[in-house]
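Protein sequence lines, in the order shown, are assigned to chains B and V.
Residue numbering for the first sequence follows this note's numbering, beginning at 61 and increasing consecutively.
Residue numbering for the second sequence follows this note's numbering, beginning at -16 and increasing consecutively.
If you're looking for bench data, these hints aren't it; they were derived computationally from the structure.
Please read these numbers as outputs of a predicted model, since none were measured by experiment.
One or more of the hints may lead you astray.
Computed footprint of chain V on chain B, listed as stretches where at least three residues anywhere in the stretch have a Cβ under 8 Å from a Cβ of chain V [to be verified]: (1) 106 to 117; (2) 151 to 158; (3) 169 to 181; (4) 246 to 253.
For glycine and all other residues, C-beta sits at the position ideal for the given N, C-alpha and C.
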Amino acid sequence: MFSQETRDIITNGLWKQNPGLVQILGMCPLLAISSNVVNALSLGLATTLVMAIASGSVAVIRNIIPHEIRIPVFVLIIAALVTVVELAMHAWVHALYIVLGVFIPLITTNCIVLARVEAFASKRATGHSVLDATMMGLGLTGVLVTLGALREIVGKGTLLSGIDLALGPMAKDWVIPVIPDYHGLLIAILPPGAFIGLGLLIAWRNWMQERRAR
Amino acid sequence: MIPSIRETLSTALTLLLFCVVGAGLLSGAYTLTHPAIEITEQAEKLALISQTLPPGSFDNDLVGDARPLPVNALLGLKRPGLSYVAQKEGKSTAVVLEAAAPDGYAGEIRLLVGIHADGRIAGVRVTAHHETPGLGDYIEIAKNKWITQFDARSLADTPADQWQVRKDGGRFDSMAGATITPRAVVKATHKALQYFAAHQEALLNVGCGYRTVGASSEERTAPSTGDHSRCGSLRSPHPTSGDQ
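Make the full structure from the sequences, and use the hints.
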């Protein structure tokens, strides 16, 4: 159905070169935001959107960017895009902005965006660049959500807490109490919990990889 | 090999061009979104201000009747802020002060402190902060009820040494792992109450001829015929505000 190249791009982003578990890129938001599922998913999707637009625009103009100054130009494009996305959200989807607002500027500092632009979009066709950025973004989102779910269950005993902030008050009942009467394990919510959780996820991925190789 | 001046210049010009295009894009997006952002922020501000007051405690146009607050160490504001007087049937029932805690975990925390005319707190809300999401952000009413523990507190019912988080020997709760944030909010709220105590008359007495900053209609800016002898000055330094 897809060409070999397209398939490679998809499996690289989601598994083989997963930004969170293999390239270990974009750690700043990964560790800061993954304390619950809702935050993790929201920032993951926003990052994916910015990555797709950034890679697409760089791929379109890749031939007119002088090699020596490509990094400043990439940073400029990414920062400008993030700001435009932030302004647009602030103006037109205010409810979502209130939830994500503080995280959006963090996307600029996420090196996975710059990494995909530099490693892929500056050399390849526009369509493939957008696909690559989207898949890498979704790969990162997957890791974020898994880590967020782990930390939220262990730390608070719930899933989807705070969903009403993203989807409105009607979603208030969607919070799933996984472990009832749970008093919480603070370390899972605090930054060390993110490091421990990520370490476990990386170990799990390596173990899967080894088992498959055998 | 040293690149020729021509090459250097053309590279620099290309970068400049990208900067100009980027700046143009940003100012375009700003111009396009600014009116919409302004409207939502105003509406949000009014909603937030009325949250710091009991429902039905005012019948005036809070935002329109706003009056300037000077820069004062007790309020922690870097730029002049605003105060919003709540009036019911022409009588001042409460005032909402803009204040800031300069010592949050990640910079300034901006607050609205609603104070009843008798000096009790009507409500406190956080309007802007940069605290760690998921950790220090429980000061937001949307995330946690923490901020409501200030309700009905006053300088009279809580002695100065009790205006601290429980961990430091005070009366206010905080969450483990994020103490710097509530510490800053408690301190700023306490100071705002002190500011209110020092300038109570001037803050509540709308007849004092202070210019309003809302709709600058003539009658609003005209000096009033109110009882001027009761008008304190907002700008006079108060002798008891020792921690400036």
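Structure-based check of all given hints:
1. 106 to 117: violated (count 0)
2. 151 to 158: holds (count 4)
3. 169 to 181: n = 0 at 8 Å, threshold three: violated.
4. 246 to 253: Check passed, 3 qualifying residues.
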